Amino acid sequence: MSDFSLLMTHGVFHLFAALITLCSVLVVMSKHPVKSAVFLVVDLFLLAGLYATLDSHFVAAIQVLVYAGAIVVLFLFVIMLLNLQPEQLRGLKFSAVEAGTLVISLVGFLITVVATFKGDQTGLGDGSLDPVAIEAAGGNTYVVAMKLLTNYIWPFELASVLILMAIVAAVVIAKKDKKKTSAPIS
Amino acid sequence: MVPVDFYFVLACLIFSLGLFGALFRRNLIMVLMSIELMLNAVNLVFVAAGRAIGNVDGQVMVLFVITVAACEAAVGLAMVIALFRKYGTVNTDILRLLRG
Amino acid sequence: MGLTADEFTIQFIATLVKFAIVAGLLLQIPPVMVWVERRVPAMMQRRKGPNRVGIFKWRIYGLMQSLADTIKLIFKEEVVPEGAQKAFYHLAPVFSVFPAFLIAMAIPYGPDIHAFGTTIPLSIIRVDVGFLFIFAVSSLAVYGVTIAGWASNNKYSLLGSLRASAQMISYEIPLGMSLIPIVLIYGTLDLNKIVEAQSHFWKWGVFLSPVSFLLFLIAMFAETNRAPFDLAEAEGELVAGFHTEYTSAKFAAFFLGEYVSMFVLSCLASTVFFGGWQVPFFSVQKLDDLTGFIGVSALIGHVTLMLKATFFMWLYIWVRWTIPRFRYDQLMSLGWKYMIPLGLVNVVVTAVVIAAFRFS
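Chains as they are written, first to last, in our numbering: chain A, 1 to 186; chain B, 187 to 286; chain C, 287 to 646.
No wet-lab data here; the hints were simulated from the structure. Possibly wrong hints are sitting among the right ones.
Claimed, not checked - Stretches of chain A that chain B covers, calculated by requiring three or more beta carbons in the stretch to come under 8 Å of a beta carbon on chain B:
no., region
1, 55-68
2, 145-154
As the list claims (entries may be wrong) - Cut-off 30 Å, straight-line C-alpha distance, at most; resulting in silico cross-link-like pairs (DSBU-like, lysine-lysine):
no., chain 1, residue 1, chain 2, residue 2
3, B, LYS272, A, LYS147
4, A, LYS175, C, LYS441
5, B, LYS272, C, LYS441
6, A, LYS176, C, LYS623
It should be emphasised that the depicted structure is a prediction, and the values quoted were computed from it without experimental measurement. Quick reminder that beta carbons are idealized off the backbone N, C-alpha and C, glycines included.
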């Protein structure tokens with residue numbers, strides 16, 4: 001690997017990382033829920049790009065397809081349906097539990113950072129499944145599909161049951177009570 | 187290549203931000219969105235780690251996480267709508283029946 | 287990657303050139319299509335249509351009308367409605383144009399060129415998950431519509447955008463489902479390989495899986511919000527829907543997005559079901575050897591694909607002026623009650639037939 005391509009991969013990663021962090025901050029801190037949702041889409045799109053740089057094209061495509069294309073649209077719909085107004089952000093006042101959780105997460109984050117830069121760094125591509133090996137085995141999609149439909153066939157089937165349950169549950173929960181309202185949905 | 191630890195740090199950062207949002211925001215939909223952010227941090231760890239140790243189980247796991255996230259979003263948003271219909275708000279400062 | 291420095295340079299330059307050509311091509315589509323969309327129905331209804339505007343004496347059947355319209359549209363005053371969400375109001379056209387252009391990058395516009403000691407593919411980005419890439423990006427097109435309607439601070443816009451986005455999400459499912467049999471038959475997600483597999487005339491997707499083609503055709507009209515599914519715009523009910531409040535260049539941007547996505551879906555339909563750049567009963571790739579010029583095959587293949595896509599573009603217009611608009615509940619019941627079950631049956635039947643062939 002030449003210095004140039006090393007620089008490129010590092011540059012791409014750091015650019016993506018910076019943008020993802022920025023978008024995540026905006027998701028959390030935007031006053032208006034619609035803005036948060038839009039930044040979430042951008043965030044997910046960038047994450048998909050990061051997956052693509054990790055040679056996981058299938059997951060990247062699914063990420064955009066399902067997350068950005070379906071889940072966040074659902075969020076947007078609900079926000080618009082409820083006509084949510086911008087929220088008054090409270091100041092930095094926390095209850096004891098919240099403050100404790102925050103402190104723990106911050107400490108965890110610091111530990112990860114320190115452990116990362118002190119310990120020996122694991123390079124990517126050390127394993128047996130480098131791009132060349134994947135290509136020889138029939139491409140990323142093929143390899144993932146083989147794994148998904150052989151080793152993980154039971155979880156895969158159970159996931160379909162889970163989705164069915166979620167559909168039924170969502171319909172039952174969100175359904176209007178017929179006794180109270182009789183206004184037609186138009 | 188970029189060391190896998192960088193990906194872990196990034197994931198950790200996203201996860202912390204998501205956790206912060208889930209605690210800090212008072213809008214139920216915002217809480218749900220922050221949870222999506224946290225799930226995405228987990229996905230990033232799965233993909234990066236799978237790539238580092240050289241198998242695709244991480245990617246398969248991400249597919250399951252995405253499935254669960256979709257179900258969670260659907261049911262969660264349905265609950266938000268039901269709550270809004272009943273109480274007229276999605277503010278967690280007001281919706282605190284369980285808190286006592 | 288396994289590229290030498292020279293190869294990298296060649297590929298880089300080739301990508302730039304391809305990008306310029308495709309972007310230039312896509313930007314020409316809306317003006318020409320607007321003209322076609324006024325002339326063709328005029329022909330169908332035995333009237334003249336716009337035929338006056340020309341440069342000096344040359345009228346070229348009124349083709350310059352589009353130029354005049356475009357110039358007028360771009361130099362119009364820009365009005366931002368009171369109470370609009372400024373940032374999103376300005377961003378929404380970008381959201382609607384960007385996915386359409388991104389999909390256009392993944393379409394194989396012709397056979398590979400073998401020149402300068404390397405292979406230049408005639409699609410700008412070549413991914414092994416071509417299909418999924420296209421679906422993933424096209425599912426982002428919903429945001430342009432949704433955000434435009436919401437940011438304009440107008441009831442009709444919001445209603446139109448909600449209609450349009452619900453419709454686009456609903457019809458994405460049959461669209462995706464209609465292509466699963468194709469993936470099963472050809473055994474790949476790579477659009478290039480699918481085109482190469484259709485080298486024989488009777489192996490075209492439309493012959494191997496006619497039901498898929500039918501589903502794809504219907505879903506294609508719904509995805510682009512075109513008649514008979516143009517409920518988002520329904521002039522009589524919604525005052526043009528989500529882009530009511532848009533003026534001048536931003537209004538033009540929505541048109542650009544709509545026509546480019548029409549064109550891209552036409553290209554996709556020709557690629558998947560009508561052999562892409564393959565000429566029936568004739569091997570395009572041999573042309574290079576026959577004529578002795580490199581790139582002849584690419585040119586012929588490209589023209590073939592464009593002709594096929596033109597047919598679909600014309601079909602869009604034909605259908606628009608032939609079939610009346612659907613009612614919204616009819617649209618939804620068609621999508622969810624008929625097309626999705628039919629798509630599922632289609633997938634299962636195709637899978638069973640393929641399995642039967644494989645094990646016999």
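Quick rundown of the hints versus the structure:
{"no.": "1", "hint": "55-68", "verdict": "holds (count 8)"}
{"no.": "2", "hint": "145-154", "verdict": "holds (count 4)"}
{"no.": "3", "hint": "B:LYS272 with A:LYS147", "verdict": "violated (45 Å)"}
{"no.": "4", "hint": "A:LYS175 with C:LYS441", "verdict": "holds (25 Å)"}
{"no.": "5", "hint": "B:LYS272 with C:LYS441", "verdict": "holds (25 Å)"}
{"no.": "6", "hint": "A:LYS176 with C:LYS623", "verdict": "holds (22 Å)"}
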